[in-house]
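Dock chain B against the given chain A, drawing on the hints supplied.
If you read the sequences in order, they're chains A and B. For the record, in the first sequence the residue sitting at position 90 is 92 according to my numbering, with numbers rising by one throughout. For the record, in the second sequence the residue sitting at position 81 is 170 according to my numbering, with numbers rising by one throughout.
One or more hints might be untrue.
In the DMTMM-like style, the derived pairs of lysine to aspartate or glutamate whose C-alpha atoms are separated by at most 25 Å in a straight line are [stated by the list, open to error]:
no., chain 1, residue 1, chain 2, residue 2
1, B, Lys-157, B, Glu-147
2, A, Lys-35, B, Asp-248
3, B, Lys-163, B, Glu-139
4, A, Lys-49, B, Glu-275
5, A, Lys-41, A, Glu-31
6, A, Lys-35, B, Asp-150
7, A, Lys-55, B, Glu-210
8, B, Lys-262, A, Glu-87
9, A, Lys-49, B, Asp-150
10, A, Lys-49, B, Glu-155
11, A, Lys-36, B, Asp-244
12, B, Lys-274, A, Glu-31
Derived CB-CB ranges, DEER-like [said to hold, decoys possible]:
no., chain 1, residue 1, chain 2, residue 2, range
13, A, Gly-67, B, Leu-284, 13 to 21 Å
14, B, Gly-140, A, Gly-85, 43 to 51 Å
15, A, Lys-102, B, Gly-140, 28 to 36 Å
16, B, Leu-284, A, Lys-102, 52 to 60 Å
17, B, Val-189, A, Lys-36, 53 to 61 Å
The hints are simulated quantities; they were obtained by calculation from the structure and are not laboratory data. Keep in mind it's a predicted model, so treat the numbers as computed, not measured. Note that CB positions come from ideal geometry on N, CA and C, so glycine has one too.
In case you want the letters, here they are:
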Amino acid sequence: MIRLIRVLPVLALLPFAPAALAQDVSAAEGLLKKSGCTKCHSVSAKKEGPSFKETAAKYKGKPGGEAALAKHLTTNPKVKVDGKEELHDSLKTKSDADLKNVIQYILSR
Amino acid sequence: MIRAWWQGLQERCKTCSRVTLGLGILVAGFAVSGVLLAAGAAGLAWTNTEGFCIGCHEMRDNVYAEFKDSIHDKNRSGVRAVCSDCHVPREPVPMLQRKVRATFELWGHLIGAVDTKEKFEKHRYELAKRVWARMKQTDSHECRNCHHADAMDPDKQSDKAKARHAKGKAEGKTCIDCHFGIAHKEPDGPGPQELKF
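The shape of chain B in the complex, shown without the other chains:
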């Protein structure tokens, strides 16, 4: 098939040498790959925007409504953490893996798994537990994208915060063990510290 295509090309451009044709194909291949790559990256970037995340009412009316006015939405410095900052890894491979897993959420959308407040509340704990589990497995990687433990100045923390952080570090705890229910309502049930994975 490739040979037939190659012969076809040669017949169409009889004045072109093999090298010219080969180089032409290579350049065209790079150009097409570049365009596809750029389109893919742009598409991925688009799926990380706040607008995309609240495109469905399940997110907009539940978790996003709770996020509004939380410390990650509105604060004295104006630095925001949107959905993807906490829920999508920044590194390419983990991000792609997360995106692939997220496609299952489309199925949930199609069958209306959480399309009413009641259904969402029924699944709230299970959904939160899934996020907590991932954060515990990654040592709260997405929290640490912005909150660098090494850059924290204990002198600027309250005595209580200082003591809690020192204790948490000594006990091998991770951010989500204590800092849960910040951007969304806390579900009823055992928290991250009580969960064993």
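Isolated chain A, as found in the complex:
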């Protein structure tokens, strides 16, 4: 009974879960543009960097996928472009919510 009481509020919120988790597509696209990501990455077309679709295929549903993406987008890791190493730019935000929104956007492509 006590267990049921604990679970009830969660169950009550379930119908609203999609809305709560819904990503803000235009905010994500805006931040990606502002951060210069789209200079090397596109949603599905070929550019210097992998497309968001390729990235989604690599990380979607994988354990630690979101964390790996978050690290990639915030720590300026070294990446290879045409055999040369360069620093990957970070997202121009300090907000965790914005970062999560962008990650959700990429993974949902």
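Showing chain B alone in chain A's frame:
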């Protein structure tokens, strides 16, 4: 018919000599041509304005809404590139050819080809592909009306931009190969680099 008209003119102005009449017709002809030419040029110029382009809701609610606040709409220097700057050639003959082709878009408007968001999204890739194809064929001519490769100072570009531009030049790429989806949403599908024309 022309002879009858000429005789009619002579009868109306019996005191006028043939030369005076001829000169009068010539001057009137030049004046009418000038007015028609000016009206035509003004009309063409009007069809190149932002106001004309967003006169239909298909443009206003879709591509124009996406263009708003993009780098070509709002930026630190205030220099804007409106619809016609990117989509209509400035040279008279190519411009007229583009205008003639654009008249087919009126048919699309009449039959409501993209009159809802859903219909527009359904056609987005095909529409973008058409623009990309034209830009690839013209070596991104409209981009180069403002962005002159010779006037670009590599020292003022980031190392990444410098490297990408050098590589693009060596591979014979054109602006649109990399700089797509800037003013409008990127459609889902192969990009300009993957398209063969």
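Q. What hints, given by number in increasing order, does this structure fail?
A. Of the numbered hints, 9, 13, 15, 16 and 17 do not hold.
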